[in-house]
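*Asks:* Respectively, the protein sequence lines represent chains C and Z.
For reference, each letter of the first sequence is one residue, going 332 to 486 in our numbering.
For reference, each letter of the second sequence is one residue, going 1471 to 2219 in our numbering.
Just so you know, the hints here were simulated from the structure itself, not pulled from any lab data.
Note that the structure is a prediction, hence the values are computed from the model and not measured.
Just so you know, even glycine gets a beta-carbon here, dropped at the ideal spot from N, CA and C.
One or more hints might be untrue.
Residues on chain Z that point at chain C, a partial pick, calculated with CB under 10 angstroms [stated by the list, open to error]:
no. : residue
1   : ASP1733
2   : VAL1756
3   : ALA1761
4   : LYS1765
5   : PRO1768
6   : ASP1778
7   : GLY1786
8   : THR1935
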Amino acid sequence: MRNIALPVLLAASVGLVSCGSAPEEPIEQIIVSEPGGAAAGVKQAAATAPAADDLVSQGKAAFAVCAACHSIEAGAAAGPGPNLNGVIGRKAGTAEGFGFTDAMKASGVTWTEAELDSFMTDPAAKVAGTSMTAGAVNDPEARKAITAYLASLTQ
Amino acid sequence: MNDTVEVEKPAKKKGKWTRRAFIGAGVAAGGALVVGVAVRPGNPVDSLKDIVAGGQGEELINSWVKIGADNVITAIVPHCEMGQGANSTIAQMLADEMDADWEKVRVMDAPADGNYVSKDALRVFAAPGFKGGETMEPTYDGLFTQISKLAGGYVTGGSSSVRSTGQNGMRIAGAAAKEMLVAAAAAEWSVPAAEITTDKSMLAHAKSGKSEPFAKFAAAAATQELPRAPKLKTSKEYKLMGRPMQRTDIPAKVNGTANFGIDGAPEGQALKYAAVKAAPIVGSRVKSMDAATAKGMPGVLQILNMGDFVAVVADGYWQAQQALNSIKTSYEKTDIDALNSNKMFANFGKALDEAGDDGGDSKASEGDVLGVMEGAAKKVEAEYRVPFLAHATMEPMNCTAWVRDGKCDIWTGTQVPLWARSAAAEGAGVGDDDVTMHSAFLGGGFGRRLEPDYVTQAARVAKATGYPVKLIWSREEDTAHDHYRPADISRFKGGLDKEGKLTSWNNVHCSTDEPAESPLVEFYDIPNVSVRNAEVEWPLKLGAWRSVGHSQHGFFVESFVDEAAHAAGKDPVEFRRELLAKSPRHLNVLNGAAKMAGWGSELPEGHGRGIALVRSFNSIVAEVAEVDMTKGMPRVTKVFCCVDAGFAMNPDGLSAQMESGIVYGLTAALYDEITLKDGAVQQSNFHDYRMMRMDDAPDIAVQIINGAPDNLGGAGEPGLPPAAPALANAIFAASGKRIRELPIAKHFA
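Only chain C is shown next, with the shape it has when bound in the complex (with noise of 0.2 angstroms):
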């Protein structure tokens, strides 16, 4: 039986994956912040700060991703999501200026920190049928922190 030769045009059409040279290593690296380091920023806060206060900056700073969608000023306007102001305590659905889904306001979801939690880690999930689409928050921490800011804006 003859060789076969195999004309490979799929890798003519897409290009190889570049020849197995060793991994190239930074020219240059300036590192502010190690994995496991807290950040510089952060290690100056704490050094003035209490620490539930600084789990509140945190939780104010993270929620810049959710401001995208929700407005936080009393009074301020709903965007593509419900003002967050006064959030915990408050039974879902119910915040006024804001269209919510029938399957929001059915949910019977009273907004405590621990279900604030449940939902940002995957709101669909909780609420089957709620618009919020996007903005899942992945990190605990995160949303530790975030959950702080909205509690500390109820009071």
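Put chain Z on the given structure of chain C with help from the hints.
*Replies:* Frame of chain C; chain Z shown alone:
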């Protein structure tokens, strides 16, 4: 571009390959290839079971299908979902052969493990037209698996999933699984297998009144012999194939739960984000980096000069991108620092001048082109030009990587999971087997995600910093650092005889033809043909762009046929009918599109119709475009599309792919070009690399012809190539203005 892989003589693999395995050896079309389809003894269940059948009570029937205790059947598909819906259609084919209940069929991406390779996709590329016949071993394992491993298979591209993996793999896997279930039930019930019937994931024996779900016999079936030649259904017996079954991926995409590459993250782990900026010119390197401002910016964790690119890792993506934007970089000089698009095209022109009427690399040569041209009653000449194009996927390039303890985890969307795995291994400095790929939907592929450059980058950054890092390219990075559809110039000379028949066809162009058939016109009855290409140098990285070479040659060839028709004083449809006298399937498709469009009927003043027909990826597509020229810039109002893909396994899916190919093709034809200035790409974002919007999009009608039930064609790409020439031909019909250079918009500025 003519790399070959030498495969070891199968006979040398003593003990691994049986003599029996080569009964199915066959001859490829054109006689160039002799390829055996081998069977590896034994069923690979044991080695794969732990990887893909992790759930309670799940038994793996064979590599491509599993059955759960709840009687849910999961098709394990070695292709990626990038919007084209092929995985769902492939599962439909498996389910039909298996007599499964479609309501209870799920689709799962095969893991990026060497045992899952789309060897059948490779077969279509390697041995087109190869038919094993009765004696072929119609099983999914064997020599093609070996070949695919060599080439790093598990590829989603070439409009191949349904016609190759579905047709040659999944159907056989489904039929085999069914036979194994029946055999298991026959043994348990002590009745002849022939008396057992299957329907909706149930086994039944009418005489004894016994009836049980597939799941009951899943475990016993897994121990059965792999059937050597499971019996496949004829098209008359299809229950799911050929029907517009609902796609399994749609609900998750509608309710927002679908997981795309950019959603990937390690469970419960805080991610860091990386923004990157590559050196602007291909081959150039970062000479110096001034990050004085960046290192004091909020959230910034690390700043890296990787040589070929600069990266910032920060707590958030926006922080990383802002810090990156503040970094000042200088780059080493390259040979192409002074190059611009005009100079490049001038170089192409010079190469074509040198090739002349008979030089260059011959792709097709029939008859006496030059002699017949000499005596032609009428001569037609034209030169066409197309630009580089970017893919502009809606989801930008991104990859999440975590390198620790000599292992690497990757979350990304890719058309080539195995190559991406190798790319990650290289970046992380670990072995392929130390990399775990977490697959996800692709937010657009179009060929861009055949290149795993962003995966290597992510692995390198993750390794250097130690963080789990989600690396995201900005739109600017994506536009300027693509692997582009090649720019090209194509020249034609055609000769018409006294009756206005095309008797001579002479074409020379620059792009290397991929696939090889893309510039060829053998379905047109032209006695003397010469097709050649001239070698040029490319200043950018090239890649496969939806329909690859057909995207250029479709425009070139069908524009020139139109010009020849007008030179002959004939109607463009009538002219093509004569040329297609010996290609009945092509002719049917042409007539179908003309009829749909009411070809020849009156149109309002300033409107025009154009037609084009392109065969690509074994499907034949004709499109008629209608254009309104009364508003200055051409506006495509309608496109009528007729397609013969052999047999439409899912007609709804095929129609959707035609529509999508047309919109993608019109987008490029009307608006887009990637140009070079001082060696670098000039375009950066959607303001200068436009997408067609809903208000620009035409009404599209699609008609399907099932012209060859056993000879399937592709769907993902073939709708695209006729769109540009149909539109350009319509513009000529409406206004007398011939478009010989894309994009069209630049002629109406």
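*Asks:* Does each hint hold? Answer for all of them.
*Replies:* Here's how the hints hold up against the structure:
About 9 angstroms separates the beta-carbon of Z:ASP1733 from the nearest beta-carbon of chain C, less than 10 angstroms, and the hint is met. A distance limit of 10 angstroms between C-beta atoms decides the matter here; for Z:VAL1756 the minimum to chain C is near 7 angstroms, and the interface restraint holds. With 10 angstroms as the threshold, the beta carbon of Z:ALA1761 comes within range of chain C, its nearest partner Cβ sitting at about 6 angstroms, so the hint holds. Satisfaction of the interface hint for Z:LYS1765 is found here, the shortest Cβ-Cβ separation to chain C being roughly 5 angstroms, below the 10 angstroms cut-off.
Taken as an interface hint, Z:PRO1768 checks out: its beta carbon lies about 7 angstroms from the nearest beta carbon of chain C, inside 10 angstroms. Below 10 angstroms, beta-carbon pairs count as interface contacts, and Z:ASP1778 has one with chain C at about 8 angstroms; its hint therefore holds. Restraint check, Z:GLY1786 versus chain C: the minimum CB separation of about 7 angstroms is within 10 angstroms; hint holds. At a threshold of 10 angstroms, the smallest CB-CB gap from Z:THR1935 to chain C is about 7 angstroms, leaving the interface hint in force.
Violated hints for the displayed structure: none, as all numbered hints are satisfied.
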